[in-house]
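Construct the complete structure from the given sequences, taking the supplied hints into account.
Line by line, the protein sequences are chains Z, R and P. In this text, residue positions in the first sequence follow the numbering used here: the first is 126, and each later residue adds one. In this text, residue positions in the second sequence follow the numbering used here: the first is 27, and each later residue adds one. In this text, residue positions in the third sequence follow the numbering used here: the first is 235, and each later residue adds one.
No wet-lab data here; the hints were simulated from the structure. Some hints could be false.
Said to hold, decoys possible - Restraint-style ranges between C-beta atoms, simulated for each label pair:
1. P:597 / R:99: 31 to 37 angstroms
2. Z:292 / P:588: 49 to 55 angstroms
3. Z:222 / P:809: 47 to 53 angstroms
Unchecked claim - Derived SDA-like pairs: lysine to any residue, alpha-carbon spacing no greater than 20 angstroms straight-line:
4. P:810 / Z:130
5. P:685 / P:743
6. P:788 / P:799
7. P:455 / Z:130
8. R:37 / Z:214
Unchecked claim - Which chain P residues face chain R? A few, computed with CB under 8 angstroms, are given here:
9. 475
10. 479
11. 505
12. 507
13. 508
14. 511
15. 515
16. 566
17. 573
18. 574
19. 575
20. 578
We put the beta carbon where it would ideally sit given N, CA and C, even for glycine.
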Amino acid sequence: MSADTDLTTGPLEYRSHEGRMNILGFWIFIGAEVALFSTLFATYAVMFGRTGDSPVPAELFELPMVLIMTFLLLTSSFTCGIAIHEMRRGSLKGLLTWLAITLVLGLGFLGFEIYEFVHYIHEGASLQSSAFWSGFFLLTGTHGLHVLLGISWATLLIVQLRQRGLTPVTSRKMFIVGLYWHFLDVIWIFIFTSVYLIGMVV
Amino acid sequence: MSSEHSEGFPKKHIVGFIASIVLTIVAAWAALSSGLPTPWIITAIMVLAVIQACIQLFMFMHMTETDSGGIQVGNMLQAFFVAAVVVAGSIWTMSFGYSHNHDGGGNDAEMENHEDMDH
Amino acid sequence: MENFINFLVDDFFVTGEPLIYGAMVSMALVSIAIVFVLTYFKKWGYLWREWLTTVDHKKIGIMYIIAAIAMLFRGGVDGLMMRIQLTLPGMEFLDSQHYNEVFTTHGTIMIIFMAMPFLIGLMNYIIPLQIGARDVAFPFLNAVSFWSFAFGALLFNISFVIGGSPDAGWTNYAPMAGENLNPGPSQNYYLMGLQVAGIGTLATGINFLVTILKMRAPGMKMMRLPIFTWSSLITSIIIVFAFPILTVALALMTVDRIFGSHFFTLTGEGMPMMWANLFWLWGHPEVYIVILPAFGIFSEVISTFARKQLFGYKAMVISMVIIAGLSFVVWVHHFFTMGSGAAVNSFFSVTTMLIAVPTGVKIFNWLGTMYKGRIRFDTPMLWSLAFIPCFVIGGVTGVMLAMAAADYQYHNTYFLVAHFHYVLIAGTVFGCFAGLTFWYPKMFGHKMNEKLGKISFWFFMIGFNVCFLPMYFLGFAGMPRRTYTIEPEWMPLSVTASVGAALMAIGFAVFVYNIYYSFRYSPRETQGDAWDGRALEWATTTPVPYYNFATVPKIEGPEAYWIMKSKGETTYDKEKVEPIHMPSDSGIPFIMMAFMFVGSFGLVWEWIWMAIAGLIGVLVCMFIRSFDYDDGFHVSVEEIKETEEKARGGEK
Ligand code: HEM
Ligand SMILES: [Cu+2]
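This is the structure in structure tokens:
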């Protein structure tokens, strides 16, 4: 059966049976992450409107900042895609350059998010202030933590890529980090839509 | 094995990127300046979000590649099914099933909340 | 210093309870004895090399099963203590607080630390063998899973001597479980113990999904998979999508308790019932996680001992897929009495009743398999035969509970208790016992003694019915669950139940003794096929070499080994032997999860410095792992030939 033999053509990350299994395993993990975030979204939605004495979201959410954050993350997802594209062309240099750009954009996103959190806390909306804000901070915070993890993970990979170059193993790892990064963008799109936009409308 | 573009210009990525920027702007506009009734807005921007998610999955993440492509797509479909059940199911259940027009009871705080949810 | 001692005496250690002092002393003695034996016989190195660092699915499976049996004992003792209290309420054997703790740890341990690991242990051992694989897809991750379960279980279990046990039921409902009504570390043990173990379960789910989908022997199409493997595949899917929900629910309550958020609190507009909602969103799929593999086991056993091919294989598979889908849309039946509107309750009533249909289909499949079969009544078959009627009782009463209006009467009475014990014991526990006795010769090279096996079966099975059937009637009579007092008119049935519990205890004791007895006296298996089996696991030699298959056979139909036997094929084809690639052992999973344990213990006590230290340890382990490019090793052709020829007594 061809499934568990090693290939000699095609993208490096798919060449070994192990590589293909790892990538499939990560896809399934992403499925689990969807379930995880959906639970956070559900909690946020159920807690919607339960602000108690604290400010309501429409008072605090600001479109310009949210749009900047969204564009930063969307662009980083794009540059990450290009990084993988470069990897598949066999260009380590291209991969590292685009990956670095991706991480800078990711850091920019995190910076804004931290600023946003501090700002809200100053305005009296914190994790402790009400059920709604608990839901908000846990949902966005979990996403932010994932971004942080993604950045650290990709940084480790940069080191490994420089040590070892493009091999079936390093490209498989890189591909998986790429999947993770795009997935975080997917989650953010839903946060943008159902937290910020709906929060400003309702 | 289908990786159509190991060489050359990353067309798919650029199209996907532009599309996602445009969709984001459309969603923001729909939410804040379209003047549509709220339920319409919510439906519309959620649909836009799902489209964007598909862009990421298909154009950036190569979901259909390798002989596991079918499994990966099935896996994401199952994931979205569970997500829908969790989100919609929780909202429905935890609204305590009272409908607006002819509610049978519930305390005031409960009612206030529903006002919040629907306007 | 004095403060510190006061802290130890007042808060850290649980003091003032004779029962707990007894437990402490016996735990200390057992620990000392273990350390002594290991040191005396110089077994520390052996333990570390062969077990703590192993990534071999067979050894991991055995460790899961041993741990699960230990947990069955602990959970069983809890159960007996509750029975004693309800039989002799005047003795004040347990006060209300203690009773609450006991039923909480009983339920949690039985479901999370007994049922799941037992089944996952069997899955670990058997599935790679059934599909013709050399290991699971991610052996390292598999070790991580096991140690996360082991340390999670340890964390949960130490609660009763250090800090106090959780006491809000295995369902841990808010606001009872919240910081306001329940300050201190005890609830945190529940949250962190399950959290740590849950991570491992999720990893197991992913691991087995990929293993079954991608590591099958050539020719083993999906519809040729042994049914136990199918059931594990479906279970894995449920695990992957259900466990993240639990992870979040636990995290939310942890943040509530430790960092003051307001998800499930009574203040800050929190919603306590949202906990119930999230818990059961995971919890109902969870009950199917612990029943489906058991269904798989019964199917294997029944077809082997009826000496017939499984009847309605396809229907079996389809009904499991349907069960998996439906299991995500019935959760509200656990809190009909919350008072949702008629629409919500009716919807979930209907979906719940629907789920009984595919379950019923399976019952007919088993009956059909036995029809006209030449049945052998060995112990594994006895467990499977007893399962069918008992489980039907459990399922039918489940449908009674599924009617929302009727459930207002049954909910939180002993009727409910009887229902879920009928499905969990007759289903899961019988299944585990059937599976263990069935696969025992494969695992340990000798059968369990049949006579003792039958004694233990009859005690346990009769005891089970004597214990739990009366509880349905106690429920009708209005006896509520989770109370430590009892009305005089309930006493006769309650005492009957206790007699049954004692019989079950005897059955369990005989079962455990049988392990020892068989180890000493059972004749050794000389070839791999102890029961005239049908699936591929029986094609291997006993004991199974660590690489499982010298040569992987080509599969030509369902019941792979049955076909091989008819053609005289084996898993050793001298001409085709090639070097086999195997993964290296690693100490990282153990160490990483030990750090996880330390960090979680810190969170339990809300010592943030310790939590951070543990987290850093975990991250460092991940870091090391990321830079570890060890690619395993190859087993040489000579070694394989030598092993195989020795195991096969020179034949072929
Ligand atoms: C025929 C299929 C089944 C139906 C229709 C069914 C129905 C129900 C219903 C309606 C309840 C909630 C009753 C109440 O709280 O008042 C319940 C509780 C329960 N069921 Fe089932 N059930 C079925 C099968 C199973 C199986 C296969 C298992 C596990 C192996 C299981 C385990 C449980 C447990 C553990 C509880 C109670 C949990 C608690 O409140 O502590 N059930 N069942
Ligand atoms: Cu249920």
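| query | What are the numbers of the hints that this structure violates, sorted from low to high? | reply | Violated: none.
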